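Sequence lines, in order, name chains R and H. Each residue of the first sequence is one higher than the one before, counting from 1031 in this note's numbering. Each residue of the second sequence is one higher than the one before, counting from 2 in this note's numbering.
Worth flagging that the hints you see were computed from the coordinates, not collected in a lab. One or more of the hints may lead you astray.
Claimed, not checked - Residues of chain R placed beyond 12 Å of chain H at every Cβ, according to the derived structure: (1) 1069; (2) 1100; (3) 1145; (4) 1161; (5) 1163; (6) 1168; (7) 1204; (8) 1233; (9) 1240; (10) 1261; (11) 1301; (12) 1334; (13) 1344.
Said to hold, decoys possible - FRET-style restraints, in silico, Cβ to Cβ: (14) R:1162 / H:47: 32 to 42 Å; (15) H:202 / R:1342: 53 to 63 Å; (16) R:1078 / H:5: 21 to 31 Å; (17) R:1161 / H:102: 44 to 54 Å; (18) H:31 / R:1344: 39 to 49 Å; (19) R:1310 / H:5: 33 to 43 Å; (20) R:1158 / H:193: 41 to 51 Å.
None of these values were measured; they are calculated from a predicted model. For every residue, glycine included, the Cβ atom is placed at its ideal position computed from N, Cα and C.
Single-letter residue listing:
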Amino acid sequence: MNDRRRVNGPPGGTRPPVYASLLQSGTGADIRAQRQRQPTDLRKIFLKTGLIPSASGSSYLEFEPSASLAAARSNPKSLIPPSSALKLACTVHGPKPLPRSAPFSPNLVLTTHVKYAPFAARKRKGHVRDSSERDLGVHLETALRGAIIAERWPKSGLDITVTILEAEDDRWWGDVPDSHDASWGMMNVLAGCISAASAAIADAHIDCLDLVSGGVAALVSDDSTDSSSALPKLMLDTDPAEHRSIVSACVVAYMPARDEITELWLKGDSSKVSTADGDERSGHEALIDGAVDAARGAHTVLAEAVRESLQKALGQS
Amino acid sequence: MATSIPSLAIPGQRLGSANTYAAGPGTHVQQANIFASIAGPVILDPAQPNTQSKATLRVSRVLSAAAQSSPTTASAKSKPRYNTLPAVDSIVLARVTRVQKRQAAVSILVVLDETSAPDADLAKASSDNDNIASILTSAANPENHSSTDELRFQAIIRKEDVRAVEKDRVVMEDMFRVGDIVRGCVLSLGDQTSYYLTTARNDLGVVMARSETGNMIIPLPIASMASGQYALPSDWLEHEDALGSSELHADSSRAATAVALAPNILSVV
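Bound conformation, chain H alone (with noise of 0.2 Å):
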């Protein structure tokens, strides 16, 4: 029965028995046989050693070599993926589009590949076919924002979803600014327009920002503390002639520790 799997597959075309294999995202069932949905190659991922489960036909999405090469195992722990759009629980990039009192809005740029590394290449994202490192780096304008800002997903960041600890405290003003860069997780797909998304956790939060001079803004790792009264992380030294001297903005909210640290460097330099 494994013989005849074809390589690639397209729309319609069956790939195998559904008593043989189970069908995973990119296929169909239809009378007991898988036939694929999307144009693509195929992928065998094999069955969990010392369970009944069967091995699992998929078409991937994903057209770039490296991508294929990779082994599938860490696909095979998640949640299997039937489309390229936010879903709960999915690591999104978003830029911030508005920041008012209760909450932030933001349109989400990219869906983060759960099956690649989080500090993998953002190019192999496989959720839009614009070019990403450009989105990212290239500064907020609000002018002709709006046009492409339609063709993204829109999404809320809640004031309570901002972070973990001190949530009465928080400040949206002071957390995000427009423009920014976010990295959150989806927690509900939301009402008719927007999703809901969360920092409130450490690896999330603001990722990429501009002070209001136009510069990159580089966050602080999280474990590192200002301590004294003018000792500067290492990293924060390396960066100070790239950031001039006045260019920190509090709109960090990587975490409560960063959005802390960020006044007691105000007030250093």
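Chain R with its partners taken away, still in its complex shape (with noise of 0.2 Å):
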């Protein structure tokens, strides 16, 4: 319902125009964030455990910004960042009792919940969950129900809460939609809420097969020249702004311990890939090694986090 007494502004936020002229101009290609990491590498994260007193349980991840961004911050030449970099939270409560409604369960019930604050991204979000936040959380109890052991935790409920207050682009923000573009930021904002749901379950001592962590690899075709013939490269923890055309790309939960996957989640053309002489691995099943490659990074920022968490915990006691 509208307030109609009064001169409201737009419903949604607004942003400086940006002109075509600006982002053909040789300074316009300034502002287009670039990869400066190596295909391999992974861009650093930070993830601390029990941040949120009143929840049994509770995480916050945040993933080093790109080098463009980190720049634009330190010498801002526009008011637009180039790039954005995840930062969520991630709360755990319970076990707490089922509501009265709820049939008897012999095993933990899971619900997740993952929603985009306000700001979180370019285009602001509702306070209601709209389609792709209620997808994410379903990619997330997927992911987690395989590693957590629900059998000992019988008539008892687990909410996962994550907030994600900074999420990552689709694409560069300058870049008209076009065809092969996709919800690509959606993908390492669920590698990044596997990650910090996992530490966040490891402080409220469920009862976990392993640290579940997520990772996100895309095949992305060549920047530099536009010739088609150019196969896709395997590149691992994208972010979409940097690249010009992400081909396909995959987010897995992956649990290092029993080198098992609970989730996996691939988009696009995974066909053609270029590989090193001598790799007979077909695109789709480097797409997935690459995916698995990330997450095991991640795990281990997961697995240092936890310790850590731990360690403090019983020097504090």
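Each of the two chains sits in its own frame; use the hints to bring them together as a complex.
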């Protein structure tokens, strides 16, 4: 219901106008984010558990800003940041009794909610969860359900809430939407959600098979040459804002101790890839292997964060 | 084999071979290896002498240093606990939320750790990260209670489970009042909503209560009797100032004797 008595601002946020001439000119090319990392280099991850005292478990995760974003922050040329870096907070409430209406369950009942803060993305999000947020919640639940030992917690529920404070972009903000455009940023967000939720569950002392971590890999078509014959390259931990065209991307939830994947989400065309000599993998296999490698990298951070909070808890008491 | 047990474990960390050790709480077995399933200090419970059993590897849920240093002999004889939920036979502290003719509804505040002594410091109880001392001593507030009670496990004390003797003469209104703290033992996991508790044992019953005017009521020791017409137990005399004169209500279901005792005292004072 609109308020008709006052002159209200626009319902969404507004952005300063950007003219196509700026983007095409030399200055525009400077603004464009470029990947500075090696294809197998991952971004640094900040992860800390136990920051929310009222929750039984919690964690905060942050990705290292890309080089162009860090440069733009220290020396701003434009009002618009060239890319964004993932920031999210995860809380775990429970084990707590099931609601009265719920039937008896001999297992732990897992509920996941993923919500973008209104200011998290370039386009403002509403307060009601939209379909993409519900989608992320379902993916996160699948990823965690395979890792939690649910039969040890009968008759109880576990609520996992992830609040995304800063989301990844789906593409560079200056690009016009085109055909092979998809919500690539969501996949990075999901990988972050999985790692953060896993740390929060460990913080809440819920039994798990392993610390499940999320990783993203993508097949990126060559930026410099526009020839369509060039095969897409495999990149780990892609920031979609840094690439002109992502052909396909894959996110996995992976448990290194058991070498098991609990969640696999693949988008796009993964049929072709340029691999090293002697590498006989198909594009599909290379993509999944790359995502698993990225998840292994995230797992080292995850394990260190959980161990650190454990040592801190032991030291305090 | 026994050399490589880590002192701290995180979920998914391999602790040892299942051929050498038995898997205790906080661990799971995968392909004949024991892995940790929670983060915590690893504790090796030695095998019982003159049995065939293996030493048990477990990961402690309690992080306080005092609980770790305490010998694990108590836990060896009790059943291993895989979670902090109320289980059958666990002792819980609960607050009465509603009293009906046939049953009393309570919400479980804390599951007491069986490994610690019964009168050990309540703050060590591991199930809840709330401040238990403050939960227990805070006055029952019916107005804002609904929100926190939804986060706690609900339980029911049926009329026949209140005490062991004279079960048919139990009057629930005289046994419990809303806000009383009850020490109970879990009979069963119950139905979809509530657990079932019993107080039909000498060490169970109302342990903390407030009178109608809001002052604390202290339960009388079970062994003491109000002998004669005016002689009161020494405990009672000690607390007389704090309690005031007319503030004892007959809701102590601590045991049949205590219930029987209370009306006597009422008439005395």
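Comparing the hints with the structure gives:
1. With a cut of 12 Å on Cβ distances, residue 1069 (chain R) stays outside the contact zone with chain H, its closest approach being about 28 Å.
2. Consistency note on residue 1100 (chain R): stated as away from chain H, and its beta-carbon is indeed over 12 Å from all of that chain's, at 31 Å minimum.
3. The claim that residue 1145 (chain R) lies off the interface holds: its Cβ sits roughly 21 Å from the closest Cβ of chain H, which is beyond the 12 Å cut-off.
4. No beta-carbon of chain H comes within 12 Å of the beta-carbon of residue 1161 (chain R); the shortest separation is about 29 Å.
5. Distance check on residue 1163 (chain R): its Cβ is at least 25 Å (rounded) from any Cβ of chain H, clearing the 12 Å threshold; non-interface status holds.
6. Even its closest Cβ contact with chain H, about 23 Å, leaves residue 1168 (chain R) beyond 12 Å, as expected for a residue assigned away from the interface.
7. Every beta carbon of chain H lies more than 12 Å from that of residue 1204 (chain R), the smallest distance being close to 42 Å; the non-interface claim holds.
8. With 12 Å as the threshold on Cβ separation, the claim that residue 1233 (chain R) sits away from chain H is violated: the shortest Cβ distance comes to roughly 8 Å.
9. Not every CB of chain H is more than 12 Å from the CB of residue 1240 (chain R) (nearest about 3 Å), against its label as outside the interface.
10. The beta carbon of residue 1261 (chain R) is kept farther than 12 Å from every beta carbon of chain H, the shortest such distance being approximately 36 Å.
11. Residue 1301 (chain R), annotated as away from the interface, keeps every beta carbon of chain H farther than 12 Å; the closest lies near 34 Å.
12. Not every Cβ of chain H is farther than 12 Å from the Cβ of residue 1334 (chain R); the closest lies at roughly 9 Å, contradicting the non-interface assignment.
13. Some Cβ of chain H comes within 12 Å of the Cβ of residue 1344 (chain R); the nearest lies about 6 Å off, and the non-interface call is violated.
14. Residue 1162 (chain R) and residue 47 (chain H) have their C-beta atoms about 54 Å apart, which leaves the hinted 32 to 42 Å range violated.
15. Between residue 202 (chain H) and residue 1342 (chain R) the CB atoms are about 41 Å apart, so this pair departs from the stated range of 53 to 63 Å.
16. Taking the beta carbon of each, residue 1078 (chain R) and residue 5 (chain H) are about 29 Å apart, inside 21 to 31 Å as hinted.
17. Take residue 1161 (chain R) and residue 102 (chain H): their Cβ atoms lie about 50 Å apart, and the range 44 to 54 Å holds.
18. Between residue 31 (chain H) and residue 1344 (chain R) the beta carbon distance is about 26 Å. The supplied range of 39 to 49 Å is therefore violated.
19. In this structure the supplied range 33 to 43 Å holds for residue 1310 (chain R) paired with residue 5 (chain H), their Cβ-Cβ distance being about 38 Å.
20. Our hint of 41 to 51 Å for residue 1158 (chain R) and residue 193 (chain H) is violated, since their Cβ atoms are close to 30 Å apart.
When each numbered hint is compared with the structure, violations occur for hints 8, 9, 12, 13, 14, 15, 18, 20.
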